[in-house]
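Keeping their order, the protein sequence lines are chains A and U.
For the first sequence, the numbering used here gives the first residue as 1, with consecutive numbering after it.
For the second sequence, the numbering used here gives the first residue as 1001, with consecutive numbering after it.
A hint or two may mislead.
Below, computed lysine to any residue pairings styled on SDA-like, alpha-carbon distance capped at 20 Å [as the list claims (entries may be wrong)]:
hint	chain 1	residue 1	chain 2	residue 2
1	A	LYS162	U	ILE1053
2	A	LYS111	U	ASN1004
3	A	LYS163	U	ASN1094
4	A	LYS120	U	ILE1053
5	A	LYS162	U	LEU1014
6	A	LYS120	U	THR1006
7	A	LYS111	U	THR1006
8	A	LYS162	U	GLU1073
9	A	LYS138	U	THR1006
10	A	LYS87	U	ASP1092
11	U	LYS1087	A	VAL159
12	A	LYS163	U	ASN1004
13	A	LYS133	A	PHE72
14	A	LYS111	U	PRO1002
15	U	LYS1087	A	LEU76
16	U	LYS1087	A	ILE56
17	A	LYS133	U	ASP1056
18	A	LYS138	U	MET1001
19	A	LYS120	U	VAL1068
20	A	LYS162	A	PHE150
21	A	LYS162	U	MET1084
22	A	LYS138	U	ALA1055
23	A	LYS162	U	ARG1086
24	A	LYS120	U	MET1001
25	A	LYS120	U	ALA1059
26	A	LYS111	U	ILE1053
27	A	LYS163	U	MET1084
28	A	LYS87	A	VAL29
29	A	LYS163	U	LEU1047
30	A	LYS138	U	TYR1054
31	A	LYS133	U	PHE1065
32	A	LYS138	U	PHE1062
33	A	LYS111	U	TYR1085
34	U	LYS1087	A	LYS120
35	A	LYS163	U	VAL1082
36	U	LYS1087	A	PHE72
37	A	LYS111	U	MET1001
Below, a sample of chain U positions facing chain A; criterion: calculated Cβ distance under 7 Å [what the hints assert, rightly or not]:
hint	residue
38	ILE1032
39	ILE1036
40	ASN1041
No lab work stands behind these hints: they were computed from the structure.
Yeah, the Cβ is synthetic: ideal placement off N, Cα and C, and Gly gets one too.
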Amino acid sequence: MDIYDMLFWILSAIAVSCALGVILSRNPVTSVMFLILTFFAISGHYILMNAQFLAIVNIIVYAGAIMVLFLFVIMLMNLNADVEPQKGQLVQLAGVISGGVLFLVVLAAIKTAAPQPIEKTSTDIGLITNLGKVLFTKYVLPFEISSVLFLSAMIGAVVIGKKEEIPNIQRGE
Amino acid sequence: MPVNSTHYLFLSLLLFSIGIMGALMRRNAIIIFMCIELMLNAVNLLLVAFSKIYADADAQLFVFFIMVVAAAEVAVGLAIIVMMYRKVHSVDINILNRLKH
């Protein structure tokens, strides 16, 4: 067992236990903290697999921006463990059984797949130079379309989030 | 036994199933949203693993685009949740079944 395998098992244990913490903790803020730890473990996996650029983007975008947004909304609504709505025991058990059944079915499907060995030597396909070359030649059209997606998402968030005063004004006129 | 593709398949399947369980177990809309992020990340992990195995950069760019879509999704989704909280002063998804009346 070399250092790659040891790091794989350690990071996997952190990722799975923190993911369980996300769904089991009563306090939403604790859930967010566990999810950030899960994202850091997944970023560790990316670095292990020579995807350095994606590891940094994962930390900046997910752990940095998205989770701060979640935390901000949770604190805005003043949610804590006392006001946390709970499902009945039976529904929770049904949820766990459904997820477990999905796990077992897909596990049975991929169990017989031929294992592909992983080259543990360092490659440079995950560096920003190579990714940028592929992104701006082969995938330049999806890249431009994603900018339109971002613009529409931004406008949509503003339109949804603003207070509904315009219909009242129109009714008053 | 050295780490191979099957390990990564099992790991991302486990993370995905945990996300499914969380989405079915919880009633808080924000936690359900976080479980969806967890499922997206499980898929990203598998794509990077296969990018490493087949030495191909395309899979890593797909991860990049998934992150773009996830960021847009979070912006719109959180706006909807804030709007819902402003209307009913709760993030309990069971309240949303009033929509059918």
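Evaluation of the provided hints:
1. LYS162(A) <-> ILE1053(U): At roughly 47 Å apart (the allowed maximum being 20 Å), ILE1053(U) and LYS162(A) break the hint.
2. LYS111(A) <-> ASN1004(U): Distance of about 13 Å is within 20 Å: holds.
3. LYS163(A) <-> ASN1094(U): Distance of about 24 Å is beyond 20 Å: violated.
4. LYS120(A) <-> ILE1053(U): 10 Å, holds
5. LYS162(A) <-> LEU1014(U): 39 Å, violated
6. LYS120(A) <-> THR1006(U): 15 Å, holds
7. LYS111(A) <-> THR1006(U): 8 Å, holds
8. LYS162(A) <-> GLU1073(U): Roughly 18 Å between the alpha carbons, so the hint for LYS162(A) and GLU1073(U) holds.
9. LYS138(A) <-> THR1006(U): Violated. LYS138(A) to THR1006(U) sits at ~30 Å, over the 20 Å cutoff.
10. LYS87(A) <-> ASP1092(U): Satisfied, since the Cα-Cα distance of roughly 10 Å is no more than 20 Å.
11. LYS1087(U) <-> VAL159(A): With Cα atoms ~16 Å apart, LYS1087(U) and VAL159(A) stay inside 20 Å; holds.
12. LYS163(A) <-> ASN1004(U): Distance ~53 Å between LYS163(A) and ASN1004(U) Cα, so the pair is violated.
13. LYS133(A) <-> PHE72(A): 36 Å, violated
14. LYS111(A) <-> PRO1002(U): Distance of about 17 Å is within 20 Å: holds.
15. LYS1087(U) <-> LEU76(A): Holds: LYS1087(U) and LEU76(A) sit about 15 Å apart, inside 20 Å.
16. LYS1087(U) <-> ILE56(A): Roughly 38 Å between the alpha carbons, so the hint for LYS1087(U) and ILE56(A) is violated.
17. LYS133(A) <-> ASP1056(U): The given pair, whose Cα atoms are some 13 Å apart, holds under the 20 Å limit.
18. LYS138(A) <-> MET1001(U): Violated, at about 37 Å.
19. LYS120(A) <-> VAL1068(U): 29 Å, violated
20. LYS162(A) <-> PHE150(A): Holds - the C-alpha atoms of PHE150(A) and LYS162(A) are around 18 Å apart, at most 20 Å.
21. LYS162(A) <-> MET1084(U): Roughly 12 Å separates the two Cα atoms, so the pair holds.
22. LYS138(A) <-> ALA1055(U): Holds, at roughly 17 Å.
23. LYS162(A) <-> ARG1086(U): Judged against 20 Å, a Cα distance of about 11 Å means the pair holds.
24. LYS120(A) <-> MET1001(U): Holds, because 14 Å separates the two Cα atoms, which is no more than 20 Å.
25. LYS120(A) <-> ALA1059(U): At roughly 18 Å apart (the allowed maximum being 20 Å), ALA1059(U) and LYS120(A) satisfy the hint.
26. LYS111(A) <-> ILE1053(U): 18 Å, holds
27. LYS163(A) <-> MET1084(U): 12 Å, holds
28. LYS87(A) <-> VAL29(A): 19 Å, holds
29. LYS163(A) <-> LEU1047(U): 41 Å, violated
30. LYS138(A) <-> TYR1054(U): Status holds; Cα separation ~18 Å.
31. LYS133(A) <-> PHE1065(U): 15 Å, holds
32. LYS138(A) <-> PHE1062(U): With a Cα-Cα distance of about 12 Å, the restraint between LYS138(A) and PHE1062(U) holds, given a limit of 20 Å.
33. LYS111(A) <-> TYR1085(U): Violated, because 44 Å separates the two Cα atoms, which is more than 20 Å.
34. LYS1087(U) <-> LYS120(A): 54 Å, violated
35. LYS163(A) <-> VAL1082(U): 11 Å, holds
36. LYS1087(U) <-> PHE72(A): 19 Å, holds
37. LYS111(A) <-> MET1001(U): With a Cα-Cα distance of about 16 Å, the restraint between LYS111(A) and MET1001(U) holds, given a limit of 20 Å.
38. ILE1032: 10 Å, violated
39. ILE1036: Nearest chain A Cβ about 11 Å off; hint violated.
40. ASN1041: 5 Å, holds
Violation of the numbered hints given earlier is confined to hints 1, 3, 5, 9, 12, 13, 16, 18, 19, 29, 33, 34, 38, 39; the remaining hints are satisfied by the structure.
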